[in-house]
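A.B. asks: Here is how the chains run, residue by residue.
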Amino acid sequence: MEFGPHLMLAVLEGAVTAAVLALMASGLSLVFGVMRVVNVAHGQFFMLGAVLAWAVSSALGGGAVGFVAALLLAPVIAGALAVAADLTVLKRVGYDPERTIVATIGLLYILQQAALMTYGPEARPVAPPFNDRLALPWIEFGPEGPGLIWPWGLSITSYKLFVMGAAAAVLAGLWALMTRTGIGLVMRATQLDRETAQAFGIPVERVYAGVFGLGAALAALAGVLIVPIQQAHYLMGGDALLLSFIVVIIGGLGSLGGTVIAALLIGLSDGIVSVFFSPTLAKILATLLVALVLVFRPEGLMGKAAR
Amino acid sequence: MLELKNIAAGYGPVRVLHGLSLTVRPGEITCLLGRNGAGKTTAMKAIMGLLPLASGQVLLDGEDIGRLPAHEVPRRGIGYIPQGRRLFSDLTVAQNLEIGMRCRHSPPEVRDRVLEMFPRLADRMGQRAGTLSGGEQQMLATARALCVDPRVLLLDEPTEGLQPSMIALIRDTVLRLRDEGVAILLVEQRLDAVLATADRAVILENGAVRAEADAAELRAEPDLLRRHLGV
Chain A
1 MEFGPHLMLA VLEGAVTAAV LALMASGLSL VFGVMRVVNV AHGQFFMLGA
51 VLAWAVSSAL GGGAVGFVAA LLLAPVIAGA LAVAADLTVL KRVGYDPERT
101 IVATIGLLYI LQQAALMTYG PEARPVAPPF NDRLALPWIE FGPEGPGLIW
151 PWGLSITSYK LFVMGAAAAV LAGLWALMTR TGIGLVMRAT QLDRETAQAF
201 GIPVERVYAG VFGLGAALAA LAGVLIVPIQ QAHYLMGGDA LLLSFIVVII
251 GGLGSLGGTV IAALLIGLSD GIVSVFFSPT LAKILATLLV ALVLVFRPEG
301 LMGKAAR
Chain B
1 MLELKNIAAG YGPVRVLHGL SLTVRPGEIT CLLGRNGAGK TTAMKAIMGL
51 LPLASGQVLL DGEDIGRLPA HEVPRRGIGY IPQGRRLFSD LTVAQNLEIG
101 MRCRHSPPEV RDRVLEMFPR LADRMGQRAG TLSGGEQQML ATARALCVDP
151 RVLLLDEPTE GLQPSMIALI RDTVLRLRDE GVAILLVEQR LDAVLATADR
201 AVILENGAVR AEADAAELRA EPDLLRRHLG V
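These protein sequences, in sequence, are chains A and B.
One point on numbering: in the UniProt record's numbering, the residue at position 30 of the first sequence is 30, and numbering is uninterrupted.
One point on numbering: in the UniProt record's numbering, the residue at position 118 of the second sequence is 118, and numbering is uninterrupted.
Source of the hints: derived by calculation from the structure; they are not laboratory data.
Do not take every clue at face value.
[Unchecked claim] Simulated restraints on C-beta separations:
| hint | chain 1 | residue 1 | chain 2 | residue 2 | range |
| --- | --- | --- | --- | --- | --- |
| 1 | B | 83 | A | 177 | 29 to 35 Å |
| 2 | B | 212 | A | 93 | 49 to 55 Å |
| 3 | A | 295 | B | 180 | 55 to 61 Å |
| 4 | A | 177 | B | 175 | 40 to 46 Å |
| 5 | B | 192 | A | 106 | 56 to 62 Å |
| 6 | A | 87 | B | 192 | 46 to 52 Å |
| 7 | A | 292 | B | 172 | 25 to 31 Å |
| 8 | A | 89 | B | 6 | 31 to 37 Å |
| 9 | B | 83 | A | 276 | 57 to 63 Å |
| 10 | B | 227 | A | 36 | 42 to 48 Å |
| 11 | B | 109 | A | 295 | 53 to 59 Å |
| 12 | B | 55 | A | 94 | 18 to 24 Å |
| 13 | B | 6 | A | 117 | 21 to 27 Å |
[Unchecked claim] On the chain B side, residues computed to face chain A include the following (Cβ under 7 Å):
| hint | residue |
| --- | --- |
| 14 | 50 |
| 15 | 70 |
| 16 | 71 |
| 17 | 74 |
| 18 | 75 |
| 19 | 80 |
| 20 | 86 |
| 21 | 88 |
| 22 | 90 |
| 23 | 95 |
| 24 | 99 |
| 25 | 118 |
| 26 | 166 |
Bear in mind that the values here come from a model prediction, so they are computed numbers and not experimental data.
Where is the CB? At the ideal position from N, CA and C, for every residue including glycine.
Bound-form chain A, shown alone (with noise of 0.2 Å):
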């Protein structure tokens, strides 16, 4: 293939990683921006989602029906067990930044080794409810002029473009959600100032456990999405989670179009590099770049500086 469909083909290839990540990352972004909690359990509610989507989708004999519960119930599942662990943690340690690093640490580990137990050590697939895959054409400039062409190999799935849409779809919702909705304004109300969001009745308790179950629940969905491509796996939310941190931190932390704008960046250079270098090389550039932003602009692309 000539360089510029395995170009293409690479670009679409980060695309699919950007859009799980831009879902899983925002769900960070979001609890830390409102609750300044740094959720370190947030990989766990990704792997979750990806394990109930293979149990849902087993106990309803797979298929689209399967799937689609499974993209219904996981993220909900997922959302009531962030919010009871806000509820009966969180809350408790009164969302102390420090103490909540430590209370989301121990969370990680009892999600993960209950998926052990119960789910066991194998990666296990789910089969996409559709698949086909798509052949894409390219422009060829010949000495007629450019025309099209469809060169071997330059295709995706039509479930690769599913993942796309429906990212794109719930970031969407999620940005109304944040901007033209009461309850996303009570939410920008308690992250710019939680003392005086009280003073004007706003129970800032149970928006935070909102937002956490939101949060945990934008993971889940991320992992039910990438199940059928990559397989669920008890250990699977480590990577994702040190991802989403690499998303969050340079795109600025608690800010969504920051965060979709950085998963875009690092899912894109993750396609490319992998296709033409290799996968460990993309983790090094993510983390070189993290860097670069750690020391030039420590509040990430579209965050603000500390006041």
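Since chain A is already given, all that's left is putting chain B on it; use the hints.
C.D. replies: Relative to the frame of chain A, chain B by itself:
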């Protein structure tokens, strides 16, 4: 009527209020005075439920609101203008007002009336609160608290750092609310402002009431406050 009965409160292990008692009556402006660290802002925060009470009671028309969750206190009808305004700086003027309106589900007429008091805000509804001038920010802080449609209003140094015209506007607004029957507790450092507005002055020292005087006493003996405050 708001009554504080022997309240003790502070920040963690540091006790600031030591048995503070005072009454704020409807249609009356009670000024809270005292040197820095006397406990004025702490008293405001304790009333709002933002600091836990170690002991004592906060009674609003006989109901003990001192141990309610903080978000329930404003829903009982207490408006709060914190020191330094504490606006939601990244939200617009309209959104800041909306936060006030949502507190007690105030009807739209409340916002109309507030904007009639501060018409300049009506021209800046889409502007971010953090980009307003100092005077406009104080207008917005006041308007946001009035959107709660309060029966008790707490103002913590509302004229701090403002130009004279803005101070006059805030003073006129406070007097108007007093005449409409709102119970007002005002923390104020400027003695001329206290003499111009207060129906009663309460002087705090070390977290407890050191002296009280009503309007007649204040006007008859203008040096009373200076003597107590040592200025």
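A.B. asks: Now, for every hint given, state plainly whether the structure supports it.
C.D. replies: For each hint, the structure was consulted:
no.: 1; hint: B:83 - A:177: 29 to 35 Å; result: holds (33 Å)
no.: 2; hint: B:212 - A:93: 49 to 55 Å; result: violated (42 Å)
no.: 3; hint: A:295 - B:180: 55 to 61 Å; result: holds (57 Å)
no.: 4; hint: A:177 - B:175: 40 to 46 Å; result: holds (42 Å)
no.: 5; hint: B:192 - A:106: 56 to 62 Å; result: holds (58 Å)
no.: 6; hint: A:87 - B:192: 46 to 52 Å; result: holds (51 Å)
no.: 7; hint: A:292 - B:172: 25 to 31 Å; result: violated (55 Å)
no.: 8; hint: A:89 - B:6: 31 to 37 Å; result: holds (36 Å)
no.: 9; hint: B:83 - A:276: 57 to 63 Å; result: holds (58 Å)
no.: 10; hint: B:227 - A:36: 42 to 48 Å; result: holds (46 Å)
no.: 11; hint: B:109 - A:295: 53 to 59 Å; result: holds (55 Å)
no.: 12; hint: B:55 - A:94: 18 to 24 Å; result: holds (22 Å)
no.: 13; hint: B:6 - A:117: 21 to 27 Å; result: violated (55 Å)
no.: 14; hint: 50; result: holds (6 Å)
no.: 15; hint: 70; result: holds (4 Å)
no.: 16; hint: 71; result: holds (5 Å)
no.: 17; hint: 74; result: holds (5 Å)
no.: 18; hint: 75; result: holds (5 Å)
no.: 19; hint: 80; result: holds (5 Å)
no.: 20; hint: 86; result: holds (4 Å)
no.: 21; hint: 88; result: holds (5 Å)
no.: 22; hint: 90; result: holds (6 Å)
no.: 23; hint: 95; result: holds (6 Å)
no.: 24; hint: 99; result: holds (5 Å)
no.: 25; hint: 118; result: violated (18 Å)
no.: 26; hint: 166; result: violated (21 Å)
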